[in-house]
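A.B. asks: One-letter residues, chain by chain:
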Amino acid sequence: MSSEKLVEALADLKEEKALKLVKEKLDAGEEPLKILEICRKAVEIVGKRFEDAEYFLPDLIMAGEILRRISEITKLDIEKAGEVKYLAKVVIGTVQGDIHNIGKDIVTFMLDANGFDVYDIGVDAPPQKFVEKIEEVKPEIVALSGFLTLAYDSMKKTVEAIEAAGQRNQIKIIIGGGHIDENVRRYTGADAYATSAAKGVRICKKWMEI
Amino acid sequence: MSLYTPWKKKRKEIQKILGDEKIIKESWEHYEKMVFLWIWSWLMR
Amino acid sequence: MQEVDGNLAVKKSPKELYNERVERITTATSLKTPDRVPIVLGFNISFIARYGGVTVQELMYNYEKRAEIIERLMKAFPEADAIGSGGTLSGPVSDALGQGLYEIPGRELSPDVSFQFIERCNMKSEEYDMFTENPTEFLITKYFPRIFREEWNKGLTRAKIAMMKGIFAHNDHRAFWGNKRKKWESEFGMPMARSSMTKAPFDVLSDTLRGMRESSIDMYKRPEKIIKACEALVPYCVMYAELPHTLRIKDESTRKEMKPQIGMPLHRGCVPFMSLKQFETFYWPTLKEVICRLVADGFICRPFAEGDWTMNMKYWREVPKGKVILKIDLADIFKAKELVGDTVCLQGNVPATLLQFGTPKQVEKYCKKLIDVVGEGGGFIMDGAVGIPGGAKIENIVAMTKFTAKYGVYRR
Numbered sequence: 001m002s003s004e005k006l007v008e009a010l011a012d013l014k015e016e017k018a019l020k021l022v023k024e025k026l027d028a029g030e031e032p033l034k035i036l037e038i039c040r041k042a043v044e045i046v047g048k049r050f051e052d053a054e055y056f057l058p059d060l061i062m063a064g065e066i067l068r069r070i071s072e073i074t075k076l077d078i079e080k081a082g083e084v085k086y087l088a089k090v091v092i093g094t095v096q097g098d099i100h101n102i103g104k105d106i107v108t109f110m111l112d113a114n115g116f117d118v119y120d121i122g123v124d125a126p127p128q129k130f131v132e133k134i135e136e137v138k139p140e141i142v143a144l145s146g147f148l149t150l151a152y153d154s155m156k157k158t159v160e161a162i163e164a165a166g167q168r169n170q171i172k173i174i175i176g177g178g179h180i181d182e183n184v185r186r187y188t189g190a191d192a193y194a195t196s197a198a199k200g201v202r203i204c205k206k207w208m209e210i
Numbered sequence: 001m002s003l004y005t006p007w008k009k010k011r012k013e014i015q016k017i018l019g020d021e022k023i024i025k026e027s028w029e030h031y032e033k034m035v036f037l038w039i040w041s042w043l044m045r
Numbered sequence: 001m002q003e004v005d006g007n008l009a010v011k012k013s014p015k016e017l018y019n020e021r022v023e024r025i026t027t028a029t030s031l032k033t034p035d036r037v038p039i040v041l042g043f044n045i046s047f048i049a050r051y052g053g054v055t056v057q058e059l060m061y062n063y064e065k066r067a068e069i070i071e072r073l074m075k076a077f078p079e080a081d082a083i084g085s086g087g088t089l090s091g092p093v094s095d096a097l098g099q100g101l102y103e104i105p106g107r108e109l110s111p112d113v114s115f116q117f118i119e120r121c122n123m124k125s126e127e128y129d130m131f132t133e134n135p136t137e138f139l140i141t142k143y144f145p146r147i148f149r150e151e152w153n154k155g156l157t158r159a160k161i162a163m164m165k166g167i168f169a170h171n172d173h174r175a176f177w178g179n180k181r182k183k184w185e186s187e188f189g190m191p192m193a194r195s196s197m198t199k200a201p202f203d204v205l206s207d208t209l210r211g212m213r214e215s216s217i218d219m220y221k222r223p224e225k226i227i228k229a230c231e232a233l234v235p236y237c238v239m240y241a242e243l244p245h246t247l248r249i250k251d252e253s254t255r256k257e258m259k260p261q262i263g264m265p266l267h268r269g270c271v272p273f274m275s276l277k278q279f280e281t282f283y284w285p286t287l288k289e290v291i292c293r294l295v296a297d298g299f300i301c302r303p304f305a306e307g308d309w310t311m312n313m314k315y316w317r318e319v320p321k322g323k324v325i326l327k328i329d330l331a332d333i334f335k336a337k338e339l340v341g342d343t344v345c346l347q348g349n350v351p352a353t354l355l356q357f358g359t360p361k362q363v364e365k366y367c368k369k370l371i372d373v374v375g376e377g378g379g380f381i382m383d384g385a386v387g388i389p390g391g392a393k394i395e396n397i398v399a400m401t402k403f404t405a406k407y408g409v410y411r412r
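Residue numbers (the numbering used here), protein chains in the order written: chain B, 1 to 210; chain S, 1 to 45; chain W, 1 to 412.
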């Protein structure tokens, strides 16, 4: 059985069809890891379609939902399974005082779809939590998300904490959110800013020189 | 129907009104509206 | 923070000021040229706290303190033609009910940040029909126990007492701000920016009922249920906007009546929150219906296009002319003028970052462009993109208001 059908069903967000194909493959004795590889290929396509404004937030969420159900069937964590070679590690979180997750979740999905190994530390994340995660996973990139204008100060504090921990030289820091511009970047001391997930991913890829 | 217990429905439940129905009706509706705003204030945010 | 003395050169009576301001906004709304570009200052609660030197937490409980700071702001910026007072969530009401829709400063959040909405699903997929058939029944029996969980988990008596306390607290809150509104109109001649509010039916469904995740999946799995629910919501959204006006006791004075403006924060309609096709299917038809019904009943609608609505701008050509003020956040307001400027009055959009990090000169430059381009021929109201955010520099608000009051005069 060809894997193209499953890639297509997944990328086209045909949930029942995709699940049926996965079950068929499992019944036919296909390695779960092979199925996960196929899923990654589909996620890449979904990410590309989002970048090209063919897909939008509900479509990303639906893709995530189908993947979640495939994980249930195959009993494997799609995002962390297999011998995937990642471009780089990214620690991402919404900064302290801000509990908005939607922007961060889009970026997480898009980074993942583009081959980054993403560590999401959630919302309202204090500077120390970033520092600890950086210490733990040694990422190349740290992404700070914030929707509210109060996030500017938290971003600044987070960058300062990273600097104080002696981690600043080893990483690139990108900030993102709706009300973010060059003024905010300069204020916070980050290396770059992005107002959309696609722009953010482009910058991260450029940093990894690809 | 937007109000939960509109006067038409309530009127049927009251056996007798010896006085002015309008007085009762207006007050009834006033508080139906107040409670409507209260309930929906928990969705309109 | 430094206090501003904004005294006006010419002293006018509050009544004269009120009429003048209302006239200005009304004229701009109907797409004509007033004497000058009107200015609206929607103070965010975190800005009010910073100006007053208190925490946001205190402002959520101490209404008197909040009102006093707002009065100082009205004196500091007399060029404003209407103001916003920073949101309606009350600390006492929240606590009495144990509400779980928001995280609150001083409880889950640090005392100096604004309260924030919690993204969560409060309606199960199998409950669509129940909601659509009888929303009130659903809200009382299913929704309230979920959003007031903190109290409802402790038994029925505790839950009922929580409701009673919540309504007492709500009434105090409502009466307090109702009185302040009257006082500010009669003593300061200052109108409030919005007179009541409502939402797009889809946002009601997506924000508080199903949540972003579930409502997105529903677009695939049960699209017809979304549409039915949104249609069922239309009369409720209209009524929620209109009732406060029928309940508000008519003011006896001979002041000009400002046509009530219905605030409508729009959350999840624009690209990339959904595609244009999804927008046309799930979002726009019922939102347009709510707007048209409100306009037919004599109201002005003031939708706040949160986020970047550039891609969705063209749809606003479909609303009644001169009856809608479209508040612009991140959308290209200059392009909006071209596209929909002959249908809706545009309000906005001095960027939050400019107000916080810019210089007065930069603010003036942006305001000049707004006045020159968007203000051309009327139909424009000056405002911040997200009102006046917590970090805004005072000198930048002074620059925005003083410059607009001077440069924004229309030559006759």
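Honestly, the hints are just simulated from the structure, not real lab data.
As the structure is a computational prediction, the values presented were derived from the model and not from experiment.
There may be inaccurate statements among the hints.
[To be verified] Beyond 12 Å from chain B on every Cβ pair, some chain W residues (computed):
#1 P14
#2 L17
#3 V56
#4 E119
#5 K160
#6 S195
#7 V271
#8 F273
#9 G358
#10 A385
[To be verified] Partial pick of chain W residues on the chain B-facing surface, computed with a CB cut under 10 Å:
#11 G98
#12 S125
#13 K165
#14 I167
#15 A169
#16 H170
#17 N171
#18 H173
#19 E214
#20 G263
#21 P265
#22 D332
All residues carry an ideal CB built from backbone N, CA and C; glycine is no exception.
A.B. asks: Just to be careful: measuring from the Cβ of W/K165 to every Cβ in chain B, is the smallest value less than 10 Å?
C.D. replies: Nearest chain B Cβ about 26 Å off; hint violated.
A.B. asks: Restraint: W/H173 near chain B, CB-CB cut 10 Å. Satisfied or not?
C.D. replies: Violated, about 24 Å.
A.B. asks: Does W/H170 meet its interface restraint, that is, does its C-beta lie within less than 10 Å of any C-beta in chain B?
C.D. replies: violated (24 Å)
A.B. asks: Verify that the Cβ of W/K160 lies farther than 12 Å from every Cβ atom of chain B, and report whether the claim holds or is violated.
C.D. replies: Nearest chain B Cβ is 30 Å from W/K160, so the label holds.
A.B. asks: Quick check on W/N171 please, does its C-beta sit within 10 Å of some C-beta on chain B?
C.D. replies: violated (29 Å)
A.B. asks: Taking 12 Å as the cut and beta carbons as the points, is W/V271 off the interface with chain B?
C.D. replies: Non-interface label fails for W/V271: nearest chain B Cβ at 6 Å, not farther than 12 Å.
A.B. asks: Any CB of chain B closer than 10 Å to the CB of W/P265?
C.D. replies: violated (14 Å)
A.B. asks: Regarding the hint that W/D332 lies at the interface with chain B, is the smallest CB-CB distance below 10 Å?
C.D. replies: violated (13 Å)
A.B. asks: Any Cβ of chain B at or closer than 12 Å to W/L17, or is the non-interface label fine?
C.D. replies: At about 31 Å from chain B, W/L17 clears the 12 Å cut-off, so the statement holds.
A.B. asks: Verify that the Cβ of W/E119 lies farther than 12 Å from every Cβ atom of chain B, and report whether the claim holds or is violated.
C.D. replies: Its Cβ does come within 12 Å of chain B, the nearest being 6 Å, so this is violated.
A.B. asks: Is it the case that W/S195 keeps its Cβ farther than 12 Å from each residue Cβ in chain B?
C.D. replies: W/S195 clear of chain B: closest Cβ-Cβ about 26 Å, beyond 12 Å.
A.B. asks: Go through the hint on W/A169 and say holds or violated, using the shortest Cβ distance to chain B against 10 Å.
C.D. replies: At 24 Å from the nearest chain B Cβ, W/A169 fails the 10 Å test, so the hint is violated.
Consistency note: the structure conflicts with the earlier hints numbered 3, 4, 7, 8, 9, 10, 11, 12, 13, 14, 15, 16, 17, 18, 20, 21 and 22.
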